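Protein chains: 2
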Amino acid sequence: METILEIVQYVRGHLNDGPPAIMKASGEGKKIVGTYCTYMPWELVDAAGAIAASLCAKSDKPIPAAEEHLPRNLCPLIKASYGHALKDTCPYFHFCDVVIAETTCDGKKKMYELMNLMKPVYTIQIPQRADRPEDFDHLKREFQGVRRYLEGIAGRPVTDEDIRRSIALRNRERMALRALWELSAFDDPPLSGLEVHYFTEYMHFHFDKESAIPWLEEQVRKIRSAWEGGERRGHGGKPRVLVTGCPAGGVVKVMEALENAGALVVCYENCGGQKELTWLVDEDRDPMDALAEKYLAIGCSVMSPNVRRMDALKYLAGRYRADGVVEILLTACHTYAVEAYGVRNLVQSLGKKYLLVETDYSESDREQLATRMDAFIEML
Amino acid sequence: METILEIVQYVRGHLNDGPPAIMKASGEGKKIVGTYCTYMPWELVDAAGAIAASLCAKSDKPIPAAEEHLPRNLCPLIKASYGHALKDTCPYFHFCDVVIAETTCDGKKKMYELMNLMKPVYTIQIPQRADRPEDFDHLKREFQGVRRYLEGIAGRPVTDEDIRRSIALRNRERMALRALWELSAFDDPPLSGLEVHYFTEYMHFHFDKESAIPWLEEQVRKIRSAWEGGERRGHGGKPRVLVTGCPAGGVVKVMEALENAGALVVCYENCGGQKELTWLVDEDRDPMDALAEKYLAIGCSVMSPNVRRMDALKYLAGRYRADGVVEILLTACHTYAVEAYGVRNLVQSLGKKYLLVETDYSESDREQLATRMDAFIEML
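For the protein sequence lines, the chains are A and B, in the order given. Sequential numbering of the first sequence, starting at 1, is according to this note's numbering. Sequential numbering of the second sequence, starting at 1, is according to this note's numbering.
Bear in mind the hints are in silico, worked out from the structure with no lab data behind them. Treat the numbers as computed from the prediction; the structure is a model and nothing was measured. If a hint is listed, it holds; no wrong ones were tucked in.
For chains that are exact copies, the list does not tell them apart, and a pair is met inside one copy or across any two.
When the alpha-carbon atoms are kept at most 25 angstroms apart in a straight line, the in silico SDA-like pairs for lysine to any residue are as follows:
1. Lys61 with Asn73
2. Lys119 with Gly342
3. Lys140 with Leu296
4. Lys24 with Arg156
5. Lys24 with Ala212
6. Lys119 with Leu346
7. Lys58 with Asn73
8. Lys140 with Pro305
9. Lys119 with Tyr341
10. Lys314 with Leu114
11. Lys119 with Asp131
12. Lys353 with Glu68
13. Lys31 with Ile213
14. Lys119 with Ser349
15. Lys253 with Asn73
16. Lys140 with Asp289
17. Lys140 with Arg129
18. Lys87 with Pro305
19. Lys253 with Gly272
20. Lys140 with Glu293
21. Lys24 with His204
Just need the whole structure built from these sequences, with the hints factored in.
So this is what it looks like as structure tokens:
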């Protein structure tokens, strides 16, 4: 039987499977849709028989090129996205037929106008609040537009049945990820936060969901049974931290600093983590209604007010027994930056410690991060 | 007969009439609606018998207080707005019954959530693009919501007839302002750009439009006839500059630097200038349709794409025979910052010089501004 560490090593060894896979799919004539954001309904892309590929947005390298067109004082995720596209250093962008983007934040919205000069960018108009019937109608109408657009790409109708099948598949993926994350709720969890992050990354770039999902389910079963058989990784008694805020994929250094300082990241509330998992897509409803309902419930800071996120933080901090909350703020992300005021108040009202870390994709603050995390962990 | 200078001096002497006027109106039981943005349909406020008062957003002073709740890296206009409210240093905020705000940029949208803890803030959901029938429907529906909200404030129905009357009045104000601005199209204009700015400011804070509009019409007539009678102010032959970008009211230092360097500001494309004046509200249409159509046509950088602004810049640069374009960028305003790339390209394609000035409300860059403007003017 594999040890937990062996499973983790397998995952870490397969984090770069994405580029050859996308090249192969493209060579086979598959349509490839580049995406950036959690608001993008993957289900519709799947239903059209296309591949939804998350585009590169996590590296420091393309940023200087991006800054020739974009302002410096802009979130690194936006600059990296644009720079990768401009310099053709993202294999997913290179092979994608179109980008389906979305009006979430100002910076992305405006950047997409420039990106549209390189590849066709279809932009979903996301409502800016989520609590009224007209917001639901708005998002549903936008998703209907995406569906028609994808029908054009696919050259065939996308039926309700196609969408229902994709919803079921993606729900199964969500449940598998939930089962993975659930392991971190244990007292002495089998995986570190970084390791959990690598699993999520792995799933992002394994496009054949019909095989990737059963694989993930199997790994979770194996990890769970190894843990039940007594295998421990030395995570018991560590201070438990919930990570929230901006997408964390480009700033793994923060989780590294946290876990190097002796903490254990037990929950990611961010995009790529539990933000999108508040609930599954309702399989007993009209599929377009169900998608609109589900995606409208994402607790992103672009929503105003963003009640869902506050509710989720409260729930998750309890569920994962977090001692502290670390909020990641990518430089110049206004929506998370302003919302941080309310998050701090909420976390402190729960009797938990809160730390706001403003950072970007550079390596220059690694030492400072280590010092701050040491100090934070000492308080827990 | 008054000289042009005497008229200008009168205006400059009455720029602080606003606070006593608003106090008086409040004392008389008038409902006061605080507003921030060009997307706010003044006509509906007028129609409800209330006063629409532009809230303070132009001073450096309240910013440190605002930064206790808001991030530092945020546009000074947003921080000033919030800081004034927090410290109760804006008479219009103090006396207003409600604020009618709008989802334009991310920073404002999120700031309004915090402001809502001080005063009731009603937020209009502005669409993020303007070119589809559903965007029109969206804005019209939002304006209908504002109308109902104002009916609640006024305690009486707001009739179509009320709105039609307000539309006619505000159109008359727009035409009076246009006539004022038209003076700057002359070869040797009677007013400097700064003086034009003071007229606009004056109109902002003279709430009795029934008397302020005829007053403005009269001043323009007087200035025009003085000019036709041969009065000159020494503006002939100066390099002519169009100002665009973020709202300029808090950074008058930029226009001062420009005109001190020997240029003449002949046109403001910004909010508070011609941005809102692309066209009048159609008086021959259903009034709610006409308002939605008019406000949707505002060429704000929050729109994506923002074709209207590019068209307006092209037209205005020609109409006012601008030699150069100065774009004002308030620090951390992402939408204008990203859009600046396209504006620069457009302006240069017109064979005109372009200068991007990123600044905030502090005084610290006055010297640097003077140097940059000297260099820019030399190129014209």
